[in-house]
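S.K.: The residues making up each chain are set out below.
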Amino acid sequence: MGKLLSWIGWLLVAVAGAGAFAWLALSRGEQVSAAWLVTAAVCTYLIAYRFYSKFIASKIFALDANRKTPAERLNDGRDYVPTNRWVVFGHHFAAIAGPGPLVGPTLAAQFGFLPGMIWILVGVALGGAVQDFVILASSVRRNGKSLGQMAKDEIGPVAGFTALIAVLGIMIVLIAVLALVVVNALSESPWGVVTVGLTVPIALLMGGYLKWIRPHRVLEATAMGLVLLIVALYVGRAVAANPELAPMFTMNRKSLAILIMGYGFLASVLPVWLLLAPRDYLSAFVKLGVVFALALGILVVLPPLQMPALTRFVDGTGPVFAGKLFPFAFITIACGAISGFHALVSSGTTPKLLEREPDARMIGYGGMLLESMVAMMALIAACVLSPGVFFAINAPAGAIGTTAASAAEAIRNWGFVLQPEEIQTLARNVGEASLLSRTGGAPSLAVGMAHIFSNVLGGSTAMALWYHFAIMFEALFILTTLDAGTRVGRFMLQDLGKHLWEPFGRTSWYPAILLSSAIFVAMWGHFLYQGVIDPLGGINSLWPLFGIANQLLATVALCVGTTVIIKTGKQRYAWVTLLPLAWLAIVTMSAAYTKIFSPDPRLGFLAHASLFAQQVAQGVPPKGVKTLADASRIIWNDRVDAAVAAFFALSVLVILADSAKEWWSVVRGTKPAVSSEVPFEGRVAVAGD
Amino acid sequence: MRTLTPSSAIDHRPSSLQARLERVLRVIRSIIGAPDYDRYVAHMESHHPGCAVMSRDEFMRQRLESRYSRPGSRCC
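Top line first, the protein sequences correspond to chains A and B.
Going by my numbering, the first sequence opens with residue 1, and the numbers climb by one from there.
Going by my numbering, the second sequence opens with residue 1, and the numbers climb by one from there.
Treat the hints with caution; some may be incorrect.
Unchecked claim - Residues from chain B shown here face chain A by an in silico Cβ test under 8 Å; the list is partial:
hint: 1; residue: Val27
hint: 2; residue: Ala34
hint: 3; residue: His47
hint: 4; residue: Arg61
It should be emphasised that the hints constitute simulated quantities derived from the structure, not laboratory data.
Think of the CB as a built atom: it goes at the ideal place given N, C-alpha and C, for glycine as much as any other residue.
Just chain A, with the same shape it has in the complex (with noise of 0.2 Å):
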């Protein structure tokens, strides 16, 4: 009786899900309210969760609760320790969910919300979550191997050396289109430059008083911390409204730039007590509290959605970026569907805590389904806003030129409304000077999120309050991806270095660490200056590489899964991760083709690159470019782009290839399948269990 009850529930998520689903599908003129985004995504996680992830776990893993972990069998009390599953949760979340799964969605909003929201949560369902968990898992049982061990071990050092590079690659490019984000989103924005500067001082005030007023307190220190970044919002709004003031923090984008060259140079030679444990601290609370805030908002108020399921931009002549949707809008939603970088969190930190086995499905499979979330509420937050305002803040100037009539004028020639006053008046009452071509998708999803806040709490006086907090919480966010990440990136350098002269390798010698972190900084600091010189203003061409760059990772996760399933001996469910690897192969490989090679010169690196040495030759500045030298600059970047994608692409083959042959000899038994498992080890039953 029990069970059929249980079976008519589950048939009812699965008939309001796909309800959910079709009357999105099939909606078509009138708004739609947020409310069945919710539903259909809602529904589809419980199904996916309650079905596809306890057959996984079930059938392919075998995840066994008297099986000892790593965490009891190797527990050092510092690396491996057993924890809490909710406890591991919240940190596997807190570690996974970035900048990526708001920015992605919110830039493809372009082509309407409905392929967005399926790739989210197809995506999601069979691929991204399947790889968290799968890679999770194999390293559960392999003591906590890293991704690149895993690779080398299990496939072969070809793949192996092929991942180390790729993650290195896309560090770069990740650093480089993140900080943009934040350039362009504080670029001639006074109030976001203090609010955002001010959090490095709190930081550092943070680390001083955990190391010598009262050591070790971490929770206070972040408490302070907290208290003070409300107070840099009103800071921020004060030296914003002083005439005096104002124009000393109103920056362009390149000076911005270069802080930010300059704070992650900090960042990675400074120790790490003192910048970026601190803001690590600060930022995890912040994430964590916005998204539950977010989601609350989003559910007291169930806004209608202006954007509506489909745009004429599926046909790649879109503003935000070029291309169309397929491939594109499956590069651009990366994190949020299926995001590679989850893999090195999945075989890093998180299997060394697991306190039993069957947690992997809860936190791999689960908490990738959170971070699918936050990206749905990024989308929703995006599409609240009409479409006219959408593309004002999202459309590069060469697109919609740079005042609000001349936006209205195009936003009107693409089919859309908007009144120049609309755009003016938001950009007041948010507190900016202009919200016009504020590319990243970090300024129009705090609009977003401002409208959705500011209908619970404050009305429309508290908007720019709550704008500047969300660029705020963006910015930390990022912000600790940025440092954190060019101190990994410094390390990998100096690791690689260290064959060709051993000193560079030495991480406590200053001459070493000071000469890598510089290397590395340029590497990422070329790529965005490269973005902020960019007519078209650099998100549209560094968005689509770090997709590439980032579903290339993923491609790596999906094979070290596939290959430890088959070589497990359970070849008849490898489809499990061979479908998704299919998928992403196909993506990765055609956008990569398209982003070199296509004649479009507002697609393809080469032809962009061919079209503006014509003009050079003929010695006309290209339209938006000043100089001839910048012109010139902007043919190499083009260059290089190109030559960066085809990297990626070629690291694709490479891994894929390598991958098929050890398949193929295991399948056709030429090669043994050996497991290369921790033997099993039963745990003692203990009382009190």
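Position chain B against the provided structure of chain A, taking the given hints into account.
M.R.: Coordinates of chain B only, in the frame set by chain A:
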């Protein structure tokens, strides 16, 4: 017989309000990723009695250094 879970290091008397508060704070600390020195000491005492135990300062420095030297502690 007690299991050697991290919570074994702290007071288990359910009646004590302070102990409960301490447990909540401990959970928050571990979610935001602050190193847990007490847990380390408890582990050393129960598993490696007689071995040298790092001081609090040393432990904290060593934990943070290792956390920020490898990819995978942070995501996009």
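S.K.: Can you list which hints this structure breaks, lowest number first?
M.R.: When the structure is compared with the hints, none of them turns out to be violated.
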